[in-house]
Structure formats: C-alpha cells, structure tokens
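Top line first, the protein sequences correspond to chains A and B.
Start counting the first sequence at 1; every next residue gets the next number (UniProt numbering).
Start counting the second sequence at 1; every next residue gets the next number (UniProt numbering).
FYI, nobody ran anything at the bench for these hints, they're computed from the structure.
For each residue, glycine too, the CB sits at the ideal point set by N, CA and C.
Hints should not be assumed to be uniformly reliable.
Calculated pairs, SDA-like style, for lysine to any residue (alpha carbon to alpha carbon, straight line, at most 20 Å) [claimed, not checked]:
{"no.": "1", "chain 1": "B", "residue 1": "K19", "chain 2": "B", "residue 2": "T46"}
{"no.": "2", "chain 1": "A", "residue 1": "K113", "chain 2": "B", "residue 2": "G23"}
{"no.": "3", "chain 1": "B", "residue 1": "K39", "chain 2": "A", "residue 2": "I4"}
{"no.": "4", "chain 1": "B", "residue 1": "K2", "chain 2": "A", "residue 2": "I4"}
{"no.": "5", "chain 1": "B", "residue 1": "K39", "chain 2": "A", "residue 2": "E94"}
{"no.": "6", "chain 1": "B", "residue 1": "K2", "chain 2": "A", "residue 2": "N98"}
Quick partial rundown of chain A residues pointing at chain B, CB under 8 Å, derived from the structure [as the list claims (entries may be wrong)]:
{"no.": "7", "residue": "L24"}
{"no.": "8", "residue": "L26"}
{"no.": "9", "residue": "T30"}
{"no.": "10", "residue": "D67"}
{"no.": "11", "residue": "E78"}
{"no.": "12", "residue": "Q84"}
{"no.": "13", "residue": "C88"}
{"no.": "14", "residue": "N98"}
{"no.": "15", "residue": "L114"}
Some residues of chain A that are not near chain B, with every Cβ distance over 10 Å (derived) [unchecked claim]:
{"no.": "16", "residue": "S2"}
{"no.": "17", "residue": "S27"}
{"no.": "18", "residue": "E32"}
{"no.": "19", "residue": "Q35"}
{"no.": "20", "residue": "V36"}
{"no.": "21", "residue": "D50"}
{"no.": "22", "residue": "W51"}
{"no.": "23", "residue": "T59"}
{"no.": "24", "residue": "K113"}
{"no.": "25", "residue": "T115"}
{"no.": "26", "residue": "G119"}
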Amino acid sequence: MSHIVTVETEIRDAAALNSACRRLGLSLPTHETAQVFSGEATGYCVRLPDWRYPVVCDTESGRIRFDNFEGRWGAQRELDRLMQAYACERAKLEARRNGHTVTEQPLADGSIKLTVHVGELHEDD
Amino acid sequence: MKTIEIIISPGSESRVETKGFAGSACRDASRFLELALGKATSESLTAEFHEAYTHDQNHLEQEK
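Produce the complete structure using the sequences and hints provided.
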C-alpha cells in the first residue's frame with residue numbers, strides 16, 4: 001500500500017453506461033432531449049425503476065441531470081446503484097483495455113471491490 | 001504482486017489504492033483508472049510511500 005485516491009464519478013463513457021444498465025436490468029439508455037421537471041435536458045437518458053423523470057447523462061461534461069424531489073419522485077438508492085454500476089463497469093473496461101486482469105467481489109456493506117492485477121495478460125473475469 | 005484495489009460505494013465515490021509498487025511509481029500506475037472514473041477529490045500517501053521515497057533519496061545521495 002502506498003497511495004490512496006478518492007474519486008468522484010463522472011459519467012463520460014456511453015459504452016460503460018450501457019454495461020451498467022444491462023447489469024442492473026434496465027433498458028439501454030437512448031440519446032435524446034428529455035423532459036425533466038425544470039425544463040429539458042439532452043444526453044443519454046436512463047429510466048430508473050419508479051422514477052418520474054429520466055436521469056440525463058451528458059457524457060461531454062460528465063454531469064448528470066435529474067429531479068427526484070428529494071426522493072418523492074424516485075428513490076435515491078436507484079441512482080446510487082446506477083452510479084456504482086457505472087464506476088464498476090468503467091473501471092473494468094479501462095483495466096482490460098490496458099491489458100490487466102480484474103476480479104470483482106461484493107462487500108458486506110454494499111460496496112464492490114475490484115482488484116486489478118497489473119501486468120497480467122489473461123482475463124479471468 | 002502489483003495490484004490496484006478499487007472500492008466502489010453505492011453512489012458517486014470510489015477509493016483507488018495501489019499495492020506492491022515501488023515509491024512514486026504507484027501514482028503513475030493508477031492514474032489511468034482515476035481519470036477513467038472521474039475527478040480525484042483527495043489523495044493520501046501512506047507510510048510505505050514515504051519510506052520508499054526516503055530510501056530512493058538516500059540511495060541517490062550515496063551515488064553522488
């Protein structure tokens with residue numbers, strides 16, 4: 001252990017977003033201009049279970065736009081699961097693209113642990 | 001064995017930790033993942049990093 005970095009997720013990769021939606025059993029996102037409570041937003045629209053408005057992901061800026069009225073129009077845990085699944089799929093795609101193997105392990109607190117084995121060329125996951 | 005561990009919490013935060021790298025090489029090793037995931041909000045260097053860095057500096061001093 002020698003170096004620890006905390007990273008705030010930004011959704012910038014459509015392929016990883018597709019994988020995250022597939023992983024969660026959601027419809028694949030479509031790039032469109034969608035209605036949200038406060039107007040319109042353009043980007044990849046993800047329909048979360050029981051959410052009134054879509055989550056709109058602008059992959060250019062990495063920003064997401066949503067309105068769940070502090071949980072009244074959609075449970076925060078659904079968005080949290082989407083962000084977690086995206087980060088997981090993005091990290092796995094990037095690690096494999098760089099020739100590393102990745103193993104995935106769910107943790108008791110709901111987190112996901114990925115272990116990237118640097119320099120190994122054979123995928124085991 | 002050189003590994004990079006990523007703990008991904010529900011929500012928007014991930015923690016990236018390098019293991020088994022010598023000195024400052026750990027920073028370069030995990031940068032591609034940090035950039036892929038989003039924006040780094042904090043970084044901490046562990047005792048192992050400082051020990052390796054000090055060792056490297058001492059080694060360079062002796063070679064002069």
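When the nearest CB of chain B is found for L24 (chain A), is that gap smaller than 8 Å?
-> violated (12 Å)
Interface-negative label, S27 (chain A) against chain B, beta-carbon threshold 10 Å = Since the minimum Cβ distance to chain B is about 21 Å, S27 (chain A) lies beyond 10 Å and the statement holds.
Minimum Cβ distance from E32 (chain A) to chain B greater than 10 Å, as the annotation requires | Holds, since 23 Å exceeds 10 Å.
When the nearest CB of chain B is found for D67 (chain A), is that gap smaller than 8 Å?
-> violated (17 Å)
20 Å limit on alpha-carbon distance, applied to hinted pair K39 (chain B) and I4 (chain A) | Given pair K39 (chain B), I4 (chain A) holds - Cα atoms ~14 Å apart, limit 20 Å.
Does T46 (chain B) lie within 20 Å of K19 (chain B) when you go C-alpha to C-alpha?
-> With a Cα-Cα distance of about 11 Å, the restraint between K19 (chain B) and T46 (chain B) holds, given a limit of 20 Å.
10 Å Cβ clearance of G119 (chain A) from chain B = Given a closest Cβ separation of 6 Å, the condition is violated.
Checking the smallest CB distance to chain B, is V36 (chain A) really beyond 10 Å?
-> holds (19 Å)
Does Q84 (chain A) pass the interface hint, meaning its C-beta sits closer than 8 Å to a C-beta of chain B?
-> holds (5 Å)
Hint status (Cβ of N98 (chain A) to nearest Cβ of chain B, threshold 8 Å) = holds (6 Å)
Given the proposed pairing of K39 (chain B) with E94 (chain A), does the C-alpha separation stay at or below 20 Å?
-> Roughly 16 Å separates the two Cα atoms, so the pair holds.
Interface hint outcome for T30 (chain A) [beta carbon to chain B under 8 Å] | T30 (chain A) check fails; min Cβ-Cβ to chain B is 23 Å, beyond 8 Å.
When the structure is compared with the earlier hints, violations turn up for hints 2, 7, 8, 9, 10, 11, 16, 24, 25, 26 and for no others.
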